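Novice: One letter stands for each residue in the lines below.
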Amino acid sequence: MSERYLRFAVAALSLIGAGIAGYLTYTHFNGSPPVCLTSGCEVVQKSKWSELFGIPVALLGLLTYLSIIASTLIRHPLVKQAGVMLALVALGFNAYLFYIQEHEIGRYCTWCVSNEIVSLILAPVAIAWLLAADDSDRRPAT
Amino acid sequence: MKRDSKLAPILAIVGGAIVLVVALVVASQINNGSNKKSSSSTIATDSIAEMLGGIPQKGIELGNPGAKLTLVEFSDPQCPYCGEWARNTLPSLVQKYVRTGKLRIEYQGLDILDHSGATDSDRMIRLAQAAGLQNKLWYVVELEFDNQGTESSGYATDAFIRGIAQAVSGLDANKALAAANTNAVVPNIDAAKTLANKSFKPLYTPSFLLGPTGAKPTKKIVGAQPLSAFTKAIDAQLKK
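Quick mapping for you: the protein sequence lines, in order, are chains B and W. If you read the first sequence in the working numbering, its first letter stands for residue 140, the second for the next number, and so on. If you read the second sequence in the working numbering, its first letter stands for residue 930, the second for the next number, and so on.
Bear in mind the hints are in silico, worked out from the structure with no lab data behind them. This one's a predicted model, so the numbers in the text were calculated from it and none came from an experiment. Just so you know, even glycine gets a beta-carbon here, dropped at the ideal spot from N, CA and C. Be aware that a few hints might be false.
Stated by the list, open to error - With a cut-off of at most 20 Å between alpha-carbon atoms, the simulated DMTMM-like pairs for lysine to aspartate or glutamate come out as follows: (1) W/Lys1130 <-> W/Asp1040; (2) W/Lys1149 <-> W/Glu1035; (3) B/Lys187 <-> W/Asp1075; (4) B/Lys187 <-> W/Glu1013; (5) W/Lys1145 <-> W/Glu1035; (6) W/Lys1122 <-> W/Glu990.
To be verified - Pulled from the structure, derived: some chain B residues nowhere near chain W, Cβ distances all over 10 Å: (7) Gly161; (8) Leu176; (9) His215; (10) Val218; (11) Val223; (12) Leu225; (13) Thr249.
Produce the entire structure from the sequences given, and follow the hints as far as they go.
Specialist: Here you go:
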């Protein structure tokens, strides 16, 4: 697959992730329970694990996805590498949050699980994007 | 050679990502270690007594019966958002508007979070309504929120319910516990469900109705919104 399509896929997946994280951030600050398929969203959103030193985890997720989107727009090899690294960080931290839901809270938030699935798909796509040949990444040989 | 030149940045990226994830996980563990609630079974009542002390209570009502405005609170004792509102927003509203006689608040307890045969919310609401028969409902409700456990974890055990009842100063705990299991508390519980379902579609907790006392409510507030959302709505109606 061409670099262009992979870049688009990374941006699209990150946009979905940003949408989910944005909604959870909104409900966090608004105080209203998220619309949810199960009652787990409310429990997870209000658990002690939903914040990191007072910062909502959903907000951190939103900023991460927006940064990845930015990395697909700024055509620079280092920015691209930073974007891929954030996608891997999102995967790792989401895996941890899934573990917390399973073992510490004992409930699942459908929005959070959706976000975890997005990060699971995003990480390999981002690596493929990193590996894909991209003329703009290469500086002409002198 | 070309393969090696591609491998190096990938290893750096993966290594950097691992370091960042480990840092985030460690931060999360430290953060939640410091957030752990005391495991003490002692029920502290000081802050609630301070908030509610000296304010008239009658049945489900808190505050001056002749107050200009009435705020109706629909909440489930297990709902974490309701607990957050009760702990963070209610004390300021009580201080600013209820204590000064401008606002009265009615409690309408709902058991919408009792799933699959669970009765935790129902048991807590029954105790609150039974305390209401002794005009001590608000102490019970706020103590239940202050000692709220994890939703659907079955935390409202017999010992928990008894502990709450016994912690309320001036409440005849045995009488309240006995009344909680009788039909005396049913009319108020059913009335809360009817009013909630009539007023909110879909129904979330917490939800609120605000309006002039004795008249039809004119404002709906859904969710544990920040204090400013309530003060803005109340101030606007007080000016009318």
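Novice: Each hint needs a verdict: does it hold in this structure or not?
Specialist: Verification of the supplied hints:
As the CA atoms of lysine 1130 of chain W and aspartate 1040 of chain W are separated by approximately 16 Å, the hinted pair is consistent with the 20 Å bound. As the CA atoms of lysine 1149 of chain W and glutamate 1035 of chain W are separated by approximately 14 Å, the hinted pair is consistent with the 20 Å bound. The suggested pairing of lysine 187 of chain B with aspartate 1075 of chain W holds, with an alpha-carbon distance near 15 Å, which does not exceed 20 Å. Note on lysine 187 of chain B and glutamate 1013 of chain W: the hinted pairing holds, with a Cα-Cα distance of about 12 Å set against a maximum of 20 Å.
Taken as a hint, the lysine 1145 of chain W and glutamate 1035 of chain W pair is honoured in the structure, with Cα atoms around 14 Å apart against an allowance of 20 Å. Taking the CA atoms of lysine 1122 of chain W and glutamate 990 of chain W, the gap is near 17 Å; set against the 20 Å cutoff, the hint holds. No Cβ of chain W comes within 10 Å of the Cβ of glycine 161 of chain B; the nearest lies about 17 Å off, and the non-interface call holds. With a minimum CB-CB distance of about 13 Å to chain W, leucine 176 of chain B clears the 10 Å threshold, and the non-interface call stands.
Annotated as non-interface, histidine 215 of chain B keeps its C-beta farther than 10 Å from every C-beta of chain W; the closest such distance is 13 Å. With a cut of 10 Å on Cβ distances, valine 218 of chain B stays outside the contact zone with chain W, its closest approach being about 12 Å. With a least CB separation of 6 Å from chain W, valine 223 of chain B falls inside the 10 Å interface cut-off, contrary to its annotation. Not every Cβ of chain W is farther than 10 Å from the Cβ of leucine 225 of chain B; the closest lies at roughly 8 Å, contradicting the non-interface assignment.
Against chain W, the non-interface label of threonine 249 of chain B holds: every CB pair exceeds 10 Å, the least being about 15 Å.
Taken one by one, the earlier hints fail for this structure at numbers 11 and 12, listed in ascending order.
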